[in-house]
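Protein sequence lines, in the order shown, are assigned to chains A and B.
This note's numbering puts the first residue of the first sequence at 1, with every later residue one more than the last.
This note's numbering puts the first residue of the second sequence at 290, with every later residue one more than the last.
No wet-lab data here; the hints were simulated from the structure.
Don't take every hint at face value.
As the list claims (entries may be wrong) - DSSO-like mimics (lysine-lysine), calculated; alpha carbons at most 30 Å apart, straight line:
(1) B:466 / B:445
(2) A:141 / B:660
(3) B:397 / B:642
(4) B:477 / B:498
(5) B:582 / B:376
(6) A:141 / B:642
To be verified - Now the stretches of chain B that chain A is said to cover, found in silico as 3 or more residues with beta-carbon under 8 Å:
(7) 587-601
(8) 665-674
A virtual CB, placed ideally from N, CA and C, is assigned to each residue, including glycine.
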Amino acid sequence: MTWSLVLNVAVGGILTGLVYGLMALGLSVIFGVVKVVNFAHGEMMSIAMYLAVLAFATLHLDPLLMIVPVAAVFFAFGYLLQIGLINPFINRPEHSQFMLLIAVALIIVNGLLMIFGPDARDAMVGYAYDSLQFGPLLVDKVRLYGAAAALLGSAALFAFFRFAPTGKAIRACADNYLGAQVVGLNVKQLYALTFGLGTACVGAAGCIMVLLVDVTPTVGTAYTLLAFVIVIVGGLGSMAGALIGGVLIGLSEALAGLVMDPSAKSMVSFALLVVVLLFRPQGLAGRRA
Amino acid sequence: MSEKNSASSGQAPRRGLTRRAFNAGAAVSAALVSSGAAMRLARAQDAALKVGVLLPRSGMQGAVGQACQRGVDLAPELLRQLGYSVKLDLVSVDFESNVDQARAQAEKLIAGGANLLIGAFDSGATSAIAQVAEQKGVPLVINIAAAPQITQQGYKYVFRNFPTAPTLVRDGLSLMKDFFVATGHTPKTAVYMHVNDTFGQAMNGAIGKMLPGLNMPFKVVENISYDPAARDLSVEVAKAKASGAELVMLTSRLNDAILLVREMVKQRYSPMGIISPGSPGMYEDQFYATLGKYSDYCTTNVPWYNPHEPMAAHVLSAFHKRWPKDRPAGYIFNIGFTFEAILIAADAYARAKSTNGKALADALRTTHIDKHMMVGGPIVFDAQGQNENVHSVVLENLQQQPRVVLPVAAAEAKPVFPMVPWNQRS
Chain A
1 MTWSLVLNVA
11 VGGILTGLVY
21 GLMALGLSVI
31 FGVVKVVNFA
41 HGEMMSIAMY
51 LAVLAFATLH
61 LDPLLMIVPV
71 AAVFFAFGYL
81 LQIGLINPFI
91 NRPEHSQFML
101 LIAVALIIVN
111 GLLMIFGPDA
121 RDAMVGYAYD
131 SLQFGPLLVD
141 KVRLYGAAAA
151 LLGSAALFAF
161 FRFAPTGKAI
171 RACADNYLGA
181 QVVGLNVKQL
191 YALTFGLGTA
201 CVGAAGCIMV
211 LLVDVTPTVG
221 TAYTLLAFVI
231 VIVGGLGSMA
241 GALIGGVLIG
251 LSEALAGLVM
261 DPSAKSMVSF
271 ALLVVVLLFR
281 PQGLAGRRA
Chain B
290 MSEKNSASSG
300 QAPRRGLTRR
310 AFNAGAAVSA
320 ALVSSGAAMR
330 LARAQDAALK
340 VGVLLPRSGM
350 QGAVGQACQR
360 GVDLAPELLR
370 QLGYSVKLDL
380 VSVDFESNVD
390 QARAQAEKLI
400 AGGANLLIGA
410 FDSGATSAIA
420 QVAEQKGVPL
430 VINIAAAPQI
440 TQQGYKYVFR
450 NFPTAPTLVR
460 DGLSLMKDFF
470 VATGHTPKTA
480 VYMHVNDTFG
490 QAMNGAIGKM
500 LPGLNMPFKV
510 VENISYDPAA
520 RDLSVEVAKA
530 KASGAELVML
540 TSRLNDAILL
550 VREMVKQRYS
560 PMGIISPGSP
570 GMYEDQFYAT
580 LGKYSDYCTT
590 NVPWYNPHEP
600 MAAHVLSAFH
610 KRWPKDRPAG
620 YIFNIGFTFE
630 AILIAADAYA
640 RAKSTNGKAL
650 ADALRTTHID
660 KHMMVGGPIV
670 FDAQGQNENV
680 HSVVLENLQQ
690 QPRVVLPVAA
700 AEAKPVFPMV
710 PWNQRS
């Protein structure tokens, strides 16, 4: 095994991991504030993937150009979903919330099956087969652009929560629910905004992901699971943790495929999950409860 | 009163059954029984044979399952044209590329009155269905599935018109040697990449056993297995590239074959060739549609239709009539074997004249169909229910369609090897 092989594989893993991170960021933001685990997260991403494929097939629009419009549509979708469907379940037992969102996931999968059928679809952009060479390092253009877009999206979200008054209010709401109510914040409105933002994140991630993988109606389930693994490893509710978790899972899977049987590489991410749960249950960047 | 009347007539009162009455009754009963049997026979001939066809029409193998379904769709009309007057009630079900679903759907079909099952493209699913069929005494005719154990377990109701993995590998590897001889170029090293499902493991096992004895001109320097449902195969391709192998030997499914070629192009890994010793993927319509020029020169040594068989022309003509916009090349393998499975079922039913499972199985055991579509000898089943007369050809993708290049007798084009590097394709 040469060092250039390790380098190439590691860089590919990190780039893919950044896209995973953006996807998981949405789940983490929603849980961190609204305290609802979105079991339909991956399925929502598959809707975004289909929207990007449709835009590419009909208007020849690059999925990366679809990030902003799809994120906007998803923000509205998430906002309305929170107000209309999830809000009545906020104070209900957790299993009710789980069942509700699993039902949403099933409806999405079957709806997509009815509309698009079971075949895999892709968006083969002009640069889909291109790669950039930097000495011994060969970087897949699609992964590079996707990771850059994911980083930009994550940075925008960080900046919003750090600097925007609404972002600060949402953080306040997450830190102290009662305090937020006492100072007169409209918590219901902030919850809906947060759900909208989390859904926008997954919409953006879907537009990037469709460049890396083909989409089928059932592809979302695997990504819901992956997002859970990432946010648990990174720290449930921690935005930085989601990105760290994403990169770590992407990197560990890539390197595991290199040093052991590639067919067993997914095992490594779950092993990592077990190790984190055993020795740092709050996650790598999470705060102890 | 009646007793008195009898006495006055001088006859003894009737007690029990007389010999004459018994004989008369027996004659009537025999007539009734025989007419009943005749009626049942007539009903059996008139009744439709309910055939459950199990295919993965959605999920990971959805595209291939749908291609197989086209064989089912064409079958009734084709059978009529071929002079089969038996009635078949074909009931297709989708097992969603899921082995558990395959088992459940097979049970459901049998509970719903299916007299015979056909399927199921995937070895894992076919194994599960075979267990159910054997348990319930309902014959299963396998269209496509290569795991050898399916017909090596002493099953009495399982029949396969498709080669086992060892046969595929033996044919595939020896055709590879012919391919190198025909083109005058021989790779010295190879990497073997294969899916890790039931079929892939069976192929890997067969290659491991046979390769040393076949005196192949190349050395396998790396063996890489991967999940057929994998979303990313960049690491696998990086490993293959790092091995420096001149030849990629591949046992794939459809989606992973597309992913692998895509990654090879991205990682600028241009081996002398990509050759499958007998797996699906590289001759499917979606492979050409997705990869375009990069699908060319990928080669599969696989059982294929015989272009010189009149039945193949029949099927192709029916295909064009039904789907005028589609190219048959990407579907014909799946259509051919699925149609042949239905042909075998119809032939057995015509001879069995019964929908009874045992009678159908007995008829299947004595199958002998000379005129059929795929390359090979007559369709006959050995004691294990295996047809050993199916043979492979070398199928190379040229101008984005599969062309038979070897054996010479069936060739449609000349073989090309080494393949044109990715960056030199116009």
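Each hint, compared with the structure:
{"no.": "1", "hint": "B:466 / B:445", "result": "violated, 37 Å"}
{"no.": "2", "hint": "A:141 / B:660", "result": "violated, 53 Å"}
{"no.": "3", "hint": "B:397 / B:642", "result": "holds, 25 Å"}
{"no.": "4", "hint": "B:477 / B:498", "result": "holds, 20 Å"}
{"no.": "5", "hint": "B:582 / B:376", "result": "violated, 45 Å"}
{"no.": "6", "hint": "A:141 / B:642", "result": "violated, 63 Å"}
{"no.": "7", "hint": "587-601", "result": "violated (count 0)"}
{"no.": "8", "hint": "665-674", "result": "violated (count 0)"}
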